[in-house]
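A.B. asks: One-letter residues, chain by chain:
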Amino acid sequence: MNQRVLLLYGLMGLVLLFVGFFQSWNVAFGIFNLCVISAIMALGVNMQWGYAGLFNVGVMGFTALGGLAAVLISMPPVAAAWQVAGGDLALSVLALGGTVVAVVAARRAIPRPLKMPATFLILLIGYFVIGVFFGPATDKIEAIDPALSGYLGGLGLPVLVAWPVGALVAAGAGWFIGRIALGLRADYLAIATLGISEIIIAIIKYEEWLSRGVKNVTGIPRPVPYEVDLVQQDWFIGFANFFGASDLSEAASLFVKLCYALLFVAVLAVVMWFAERALRSPWGRMMRAIRDNREAAAAMGKDVKKRHLQTFVLGCAVCGLAGAMLTTLDGQLTPTSYIPLRYTFLIWVMVILGGSGNNWGAVLGGFVIWFLWVQAEPLGNWFMQAVTAPFPEGSQFADHLVSGAAYTRYLLMGGILLVVMRFAPRGLIPERSTGRAA
Amino acid sequence: MEILNALALFANFVFVPATAYGAQLALGALGVTLIFGILRFANFSHGEMMSFGAMASILATWGMQEAGVSIAPFPTALLALPIGVAAAIGMALATDRMVFRFYRKQRSNPIVMAIVSVGVMFVLAGIIRLIIGPDDQSFADGERFIINARDSRAALGLDEGIAIKQTQVITLVVALAVMSALFWFLQKTRSGKAMRAYSDDEDLALLSGISPERVVAICWIIAAALAAIAGTLYGLDKTYKPFIFMQILLPIFAATILGGIGQPVGAILGAFIVAYSEVMVTYAFRKVLAYLGPEGWAPEGLVQLLSTDYKFAVSFIILVAVLLIRPTGIIRGKVI
Amino acid sequence: MSFLSATGMTGGYGGLDIITDCTLTVETGEIAVVVGPNGAGKSTAMKAVFGMLNLREGTVTLDGEDITALPPQDRVPKGMAFVPQNRNVFVSLSVEENLEMGGFIRDDDLSDTKDLVFSLFPVLAEKRRQPAGELSGGQRQQVAVGRALMTKPKLLMLDEPTAGVSPIVMDELFDKILEIADTGVAILMVEQNARQALEIADHGFVLVQGRNRFTDTGEALLANEEVRRSFLGG
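Protein chains in written order, with the working numbering: chain A, 1 to 438; chain B, 1001 to 1336; chain C, 2001 to 2234.
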């Protein structure tokens, strides 16, 4: 690791310490935890863009899948829902299986010109048959205590299980879209990922039986202690006293954040270790060779599409993992909070600013941009106040500007991306030179 | 009689609105396909350019309404449209000068251009929200219907009427006029032919003395004008919602790829296919089937393939199907 | 000084010189042919003459005017026209539109020049509305040459005009090139079919590894024992 990396990481650390000393340690650790999650997402995107030059415009969808996994794994099952709708659900699954079998059989048996229409017809019939069972099932599920549940619930497993599962689910979605869109024009992948991410969000938003939709799932079990429990534990009170904490509940909240921080940093370290190993391995060298000169690599017999699919799926998995972690930290799944600016574009800005192709850069980018993101709102407000100060009290124009302050984030993030792409395309920590001729 | 009623119902809720929507999509997709053909990248900022043009039209409309200018029974927005077009053109040329030109000179990878266009998209989104705010805006005035449901019921002597909104007719007329002008320009004028030549082969165009900067500027001007018109018509027909323009990107891209990228005729074809599929798939056919079936019978469910919440899934399915079956699109476009 | 005189050209791509101290000249109404083994830098030399390659050294003058610093598109109005070896027609444009695009820089009426091209290549007149991409290889070359002629060039540069066409079509093309030269156009071309090309050439340049090896009249080169043995296959 060179001096530049150390210096930049040191600076970032200092800024966080500054927040700790002058604002509060709770705020500092709150930011830090989200910084770590952002860094993991950035690592995922960096695998796709930095290693392979793949443009994923659907990061939001893959993180949302991770979030959904957290709900489906950790929430307790809603027994009543399974009771009333279990039969219909089983029939739906059966119908689905039947459709799949019918399609496969038909595609084998039917000659080529009729293959397409036949497949289409079977799918259509299957879709309606599934609907016959599935429609009533979802209605019944959603009718059960809609204010509190109205969905199937999860498996009731520890939430930590959801993290690898979230990665797997996101990887599956990535595989599906990659199979279709890779190997064609590079921008097709971008457009296809844009599509799938919107559909994933729509499913989470509107399939109430699955995710409660816009009613949100709250109270996702934690992998760490609860503050209310902590303040009653003798060992914790002693612990807090030992450090001279004045406010016990604040100390508890800090302690919880610290636990999360340890967990997250451990995950980041593991992902980082793998990412770095992969980058330095022959596989990583091959990936970069393909990225820098696709034709030459293909001419040398490298299966470009297959390699691209590998990295793409890996990157999606990491995004899914981070998504599951984020939902765990929040303790709730709020489908409406998934907006492209926050979950796709922001991550991109992190990677580009940090240094495409460099994992240390991506992590640093995650920290810096998340910090800016958090601070942008007060800054935007302050800026708008300052700009509108000369206007008379109650001026409509001034009110309008102040109310739009939240949208300065769009400008700020878009601006950072454009400026970095233009003037420092290699980012804060440039990719290590691979010995290419100047 | 029953069949006629079913047809009227279908026309009223599927054919008429989908045609207007298709025309709006086609105008957007034409811009995207031109930029694909000339500048060779997927322009993600096109949706926001539509929004920006529409916003400028709305502001101008408000100004005119305030000043008492009116062309009733037509909507004032029609009069304001040239201002929206001018604003969008100015914005497009400015972004090209400040952002895209640099990468063009460097002959950057198209995917880099696409990323940069995402940056432009967010900057534009920010500017729009700062100026007009994030809320819905309604700016349609003038007559609402050309034919309303009651009159058409009486005229046709049916139980079902076909209502035709003025905005739908305006959309079609304007779109037809704009498309004819565009095709005349591309086929008959020197600059239009130069654009096609440039899209065909950049280097050879250079050898023939065709100035790339001029072609690129014309391309931006046309694309931005189309975007502003599409955005304004869309806002006029429905309401202007700033956030919708990020979602409309997907059907526009689907239409562009379905038609064959860089192919204007394909873009129009693709747009109408996407629009009709979207509206048909999300329409509940229950009543139509009830008319067609035996007396007194009605299907049990809504007979709706997909709920309207998933309407953009239709674009996505079309996109996936095209990529799987014929990635070059209906009219062979530029693939790699 | 010759009408076109490119002297002492040295340059290449990415710091690597492909041509070194290379000199090519043509007179008005004459045909000069550049021949040599594969990889001798023939096409690169042509590109250098047309300004598509940054020269480290050397000068290019046309009709006495120094044009070394001009980019390709600015050399077209000076009277130069270039037919690249590949991708030399607009495939989706009709034959007639291809010719119109060839004359893009002209503001006057193109119909006379168009008629001239059509009389030179009658088959193009028949297929004027057909997209150039649908034509045969030989017909495409005719479109390419026709496109270049639309600017009424004083110097026509052809990069392997007969690549990939049958011997009969090749002879026909060479005849047309002679016809064009007779109208007072200077022609500089690179050819693989060295013997046939030198037969119609007034001057020949034999390039080897980016340097001039032999320079003489076409006749003399054909008669030169060493040239015949090494470059014309005996």
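Please keep in mind that the hints were generated in silico from the structure rather than gathered at the bench.
No residue lacks a Cβ here, since even glycine has one placed at the ideal position from N, Cα and C.
Where hints are given, some of them may not hold.
Sample of chain A residues with no beta-carbon within 10 Å of chain B, all distances over it, derived [to be verified]:
no.: 1; residue: Y127
no.: 2; residue: P221
no.: 3; residue: P340
no.: 4; residue: H400
no.: 5; residue: S403
Examples of chain B residues lying across from chain C (beta carbon under 8 Å, computed) [unchecked claim]:
no.: 6; residue: L1156
no.: 7; residue: L1158
no.: 8; residue: R1196
no.: 9; residue: L1204
A.B. asks: Need the list of violated hint numbers for this structure, in ascending order.
C.D. replies: As far as the earlier hints go, 1, 3, 4, 5, 6 and 7 are violated by this structure, in ascending order.
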